[in-house]
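Asks: Residue numbering for the sequence shown follows UniProt numbering, starting at 1 and increasing by one per position.
Everything labelled a hint here was simulated from the structure, so no lab data went into it. Do not take every clue at face value.
Stated by the list, open to error - The calculated label-pair distances, taken between Cβ atoms and stated as ranges, are: (1) A59 with K36: 30 to 36 Å; (2) A65 with R40: 29 to 35 Å; (3) Q25 with Q60: 17 to 23 Å; (4) K39 with K16: 28 to 34 Å; (5) P2 with A27: 30 to 36 Å; (6) T6 with K35: 34 to 40 Å; (7) K56 with F28: 47 to 53 Å; (8) K5 with V49: 35 to 41 Å; (9) S8 with D54: 26 to 32 Å.
What the hints assert, rightly or not - With a Cα cut of at most 27 Å, we get these calculated DSSO-like pairs of lysine-lysine: (10) K36 with K5; (11) K35 with K16; (12) K56 with K36; (13) K52 with K12; (14) K16 with K3; (15) K11 with K23; (16) K5 with K39; (17) K16 with K56; (18) K12 with K41; (19) K56 with K35; (20) K35 with K5; (21) K23 with K56; (22) K56 with K11; (23) K35 with K3; (24) K35 with K52; (25) K5 with K23; (26) K5 with K16; (27) K41 with K3; (28) K41 with K11; (29) K11 with K35; (30) K16 with K52; (31) K39 with K3; (32) K36 with K3; (33) K39 with K56; (34) K23 with K39.
Only a predicted model underlies this, so the values are computations on that prediction, with no experimental measurement involved. All C-beta atoms, glycine included, are put in the ideal place defined by N, C-alpha and C.
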Amino acid sequence: MPKLKTHSGAKKRFRKSASGSFKRQCAFRSHILTKKTTKRKRHLRGEAVISKADHKQIAQLLPHA
């Protein structure tokens with residue numbers, strides 16, 4: 001059986017947390033930031049947790065995580 005390869009797009013976007021769930025960066029923080037309020041940008045700084053429904057798909061893309 002061949003080696004399992006990690007999806008290169010997924011390894012740049014998701015990290016596994018200590019509890020076993022996956023974390024991701026919040027969207028809408030890359031450009032056109034002048035019209036967004038400071039509060040909105042501040043809340044987008046943190047990381048979000050992947051929902052339970054998507055956990056299985058992300059785990060398949062990252063077999064060694």
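Asks: If a hint holds in the structure, say so; if it does not, say that too.
Replies: How the hints compare with the structure:
1. As the Cβ distance of A59 to K36 is approximately 33 Å, the hint placing it in 30 to 36 Å holds.
2. Remark: the range hint 29 to 35 Å for A65 to R40 is upheld by a beta-carbon distance near 30 Å.
3. Our hint of 17 to 23 Å for Q25 and Q60 holds, since their Cβ atoms are close to 21 Å apart.
4. In this structure the supplied range 28 to 34 Å holds for K39 paired with K16, their Cβ-Cβ distance being about 30 Å.
5. Here the CB-CB span from P2 to A27 is close to 34 Å, well matched to the stated 30 to 36 Å.
6. The hinted window of 34 to 40 Å between T6 and K35 holds, with their beta carbons roughly 37 Å apart.
7. K56 and F28 have their C-beta atoms about 26 Å apart, which leaves the hinted 47 to 53 Å range violated.
8. Checked against the hint of 35 to 41 Å, the C-beta distance between K5 and V49 comes to roughly 25 Å, which is inconsistent with it.
9. Separation of S8 from D54 is about 18 Å and departs from the stated range, judged on CB atoms against 26 to 32 Å.
10. Taken as a hint, the K36 and K5 pair is broken in the structure, with Cα atoms around 39 Å apart against an allowance of 27 Å.
11. Between K35 and K16 the CA atoms are separated by roughly 33 Å; this puts the pair beyond 27 Å, and the hint is violated.
12. As the CA atoms of K56 and K36 are separated by approximately 33 Å, the hinted pair breaks the 27 Å bound.
13. Taking the CA atoms of K52 and K12, the gap is about 20 Å. The hint holds against a cut of 27 Å.
14. For a cut-off of 27 Å, the pair hint linking K16 to K3 stands: about 21 Å separates their Cα positions.
15. Between the alpha carbons of K11 and K23 the distance comes to roughly 11 Å, so the proposed pair stays at or under 27 Å and holds.
16. Only pairs whose Cα atoms come within 27 Å are accepted, and K5 paired with K39 is rejected, the gap being roughly 40 Å.
17. Distance hint between K16 and K56 is fulfilled; the C-alpha atoms sit about 13 Å from each other, no more than 27 Å.
18. Our distance criterion of 27 Å between C-alpha atoms is met by K12 and K41, whose separation comes to about 21 Å.
19. Of the pairs offered as hints, the one joining K56 and K35 is violated, with about 36 Å between alpha carbons and a cut-off of 27 Å exceeded.
20. Under the criterion of a C-alpha separation no larger than 27 Å, the hint pairing K35 with K5 is inconsistent with the structure, at around 41 Å.
21. Simply put, K23 and K56 have alpha-carbon atoms about 14 Å apart, close enough for the 27 Å limit, and the pair holds.
22. Restraint check: the Cα-Cα separation between K56 and K11 comes to about 15 Å, which is no more than 27 Å; the hinted pair holds.
23. Using a Cα cut-off of 27 Å, the hinted pair K35 and K3 is violated, with the two alpha carbons roughly 47 Å apart.
24. Using a Cα cut-off of 27 Å, the hinted pair K35 and K52 is violated, with the two alpha carbons roughly 33 Å apart.
25. A distance of roughly 20 Å separates the Cα atoms of K5 and K23; the hinted pair therefore holds under the 27 Å criterion.
26. Restraint check for K5 and K16: satisfied, since their Cα atoms lie roughly 17 Å apart, inside the 27 Å limit.
27. The suggested pairing of K41 with K3 is violated, with an alpha-carbon distance near 41 Å, which exceeds 27 Å.
28. Of the pairs offered as hints, the one joining K41 and K11 holds, with about 24 Å between alpha carbons and a cut-off of 27 Å not exceeded.
29. A distance of roughly 31 Å separates the Cα atoms of K11 and K35; the hinted pair therefore is violated under the 27 Å criterion.
30. Between K16 and K52 the alpha-carbon distance is near 13 Å, which keeps this suggested pair within the 27 Å criterion.
31. Between K39 and K3, the direct Cα distance comes to roughly 45 Å. Violation of the 27 Å bound is thereby established for this hinted pair.
32. With a C-alpha separation of about 45 Å, the suggested pair K36 and K3 falls outside the 27 Å cut-off, and the hint is violated.
33. Note on K39 and K56: the hinted pairing is violated, with a Cα-Cα distance of about 33 Å set against a maximum of 27 Å.
34. For the proposed pair K23 and K39, the alpha carbon gap of about 22 Å is at most 27 Å, so the pair holds.
Hints 7, 8, 9, 10, 11, 12, 16, 19, 20, 23, 24, 27, 29, 31, 32 and 33 from the list above are not met by this structure, while the remaining hints are.
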